[in-house]
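Undergrad: So you can see what is in the structure, the chains are spelled out below.
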Amino acid sequence: EDQVTQSPEALRLQEGESSSLNCSYTVSGLRGLFWYRQDPGKGPEFLFTLYSAGEEKEKERLKATLTKKESFLHITAPKPEDSATYLCAVGGSQGNLIFGKGTKLSVKP
Amino acid sequence: NAGVMQNPRHLVRRRGQEARLRCSPMKGHSHVYWYRQLPEEGLKFMVYLQKENIIDESGMPKERFSAEFPKEGPSILRIQQVVRGDSAAYFCASSSQGSNQPQHFGDGTRLSIL
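Line by line, the protein sequences are chains W and A.
The first sequence begins at 297 in this note's numbering and counts up one residue at a time.
The second sequence begins at 2 in this note's numbering and counts up one residue at a time.
Only chain W is shown next, with the shape it has when bound in the complex (with noise of 0.2 Å):
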C-alpha cells in the first residue's frame, strides 16, 4: 500500500534559523512527489513536483530535493512569512495524490 510519513509533526523556529522537512514515502513505482504549503482555512497551495531520485527543485528560500526513500524540504533563513502547514503528497496509480498529515511549521520574529 502506498504510504507517506511526514516528520517532525510541527518545529518551531527562530528567524534566520534553517532547517529540514523529512517525507518518508513507499510506492509501487513513484508517480511524482510533490509539495504543497497550506494557510489555515485555505486550500494547498502548489510548491514543487520531483520525478526522479537526485532531482532538486528551488524557489525563494524553499530547496526540495528527493532520493529512492525520501525527500527533504529546507528551508534557509525562514521568515515569520513563512509559517504554514507543509504537506508532502505521492502519486497513486489512478491520478490520485496520497497525502502525508504534514508538519506545521511556526517561524517567530
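What the hints contain is simulated information worked out from the structure, not anything from laboratory work.
Even glycine gets a Cβ: it sits at the ideal position worked out from N, Cα and C.
All the given hints hold, so there is nothing to weed out.
Quick list of in silico lysine-lysine cross-link-like pairs, DSSO-like style, CA-CA up to 30 Å:
| id | chain 1 | residue 1 | chain 2 | residue 2 |
| --- | --- | --- | --- | --- |
| 1 | W | Lys353 | W | Lys400 |
| 2 | W | Lys400 | W | Lys338 |
| 3 | W | Lys400 | A | Lys45 |
| 4 | W | Lys397 | W | Lys353 |
| 5 | W | Lys397 | W | Lys355 |
| 6 | W | Lys338 | A | Lys63 |
| 7 | A | Lys28 | W | Lys353 |
| 8 | W | Lys364 | A | Lys45 |
| 9 | A | Lys63 | A | Lys45 |
| 10 | W | Lys404 | W | Lys353 |
| 11 | W | Lys338 | A | Lys72 |
| 12 | A | Lys45 | W | Lys353 |
| 13 | A | Lys28 | W | Lys355 |
| 14 | W | Lys375 | W | Lys359 |
| 15 | A | Lys45 | A | Lys28 |
| 16 | W | Lys359 | W | Lys338 |
| 17 | A | Lys45 | A | Lys72 |
| 18 | W | Lys400 | W | Lys359 |
| 19 | W | Lys338 | A | Lys28 |
| 20 | A | Lys45 | W | Lys355 |
| 21 | W | Lys397 | A | Lys45 |
| 22 | A | Lys45 | W | Lys359 |
| 23 | A | Lys28 | A | Lys72 |
| 24 | A | Lys63 | W | Lys397 |
| 25 | W | Lys359 | A | Lys28 |
One side of the interface only, derived from the structure: several residues of chain A facing chain W at Cβ under 7 Å:
| id | residue |
| --- | --- |
| 26 | Gly43 |
| 27 | Phe46 |
| 28 | Tyr49 |
| 29 | Phe92 |
| 30 | Gly99 |
| 31 | Ser100 |
| 32 | Phe106 |
| 33 | Gly109 |
Computed footprint of chain W on chain A; a stretch qualifies when at least three of its residues, placed anywhere within it, have a C-beta under 8 Å from a C-beta of chain W:
| id | stretch |
| --- | --- |
| 34 | 32-42 |
| 35 | 55-61 |
Based on the hints, put chain A in the right spot on chain W.
TA: The following block gives chain A in isolation, referenced to the frame of chain W:
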C-alpha cells in the same frame, strides 16, 4: 481569478439533510479531484472525474455520497442524509492532464452538521 473556485465556502446542514458542494476547475483543466480533510488528519482522496466520466471513486463511501462532472457547469459532490461524521473540509483540485501532473486546489468548503 483563474484558480479553482469552490462554493459555498461554508455550509451548515442538519442531520438528514442533503449537502451539495460545487467546484469549477481552473480554465483549461478537464480533470477534477475531490478530497476530504478531517481535523488532525491528512487530505484523503475521494473521487477523480473527467468531463461526464468518473475515473476512480475508490475513496468515496459507497452510500450517501455521489459526484458528477457534467459536460457543462461545475463538478458537484453530493452528500445525502448527512450525519455528524460528515463534518469536514472538502477540497476540490484540478489538473490539465491526469497522472503525474500537479493538482491545483480550491480553498475548500467547510461542512458543519448540526
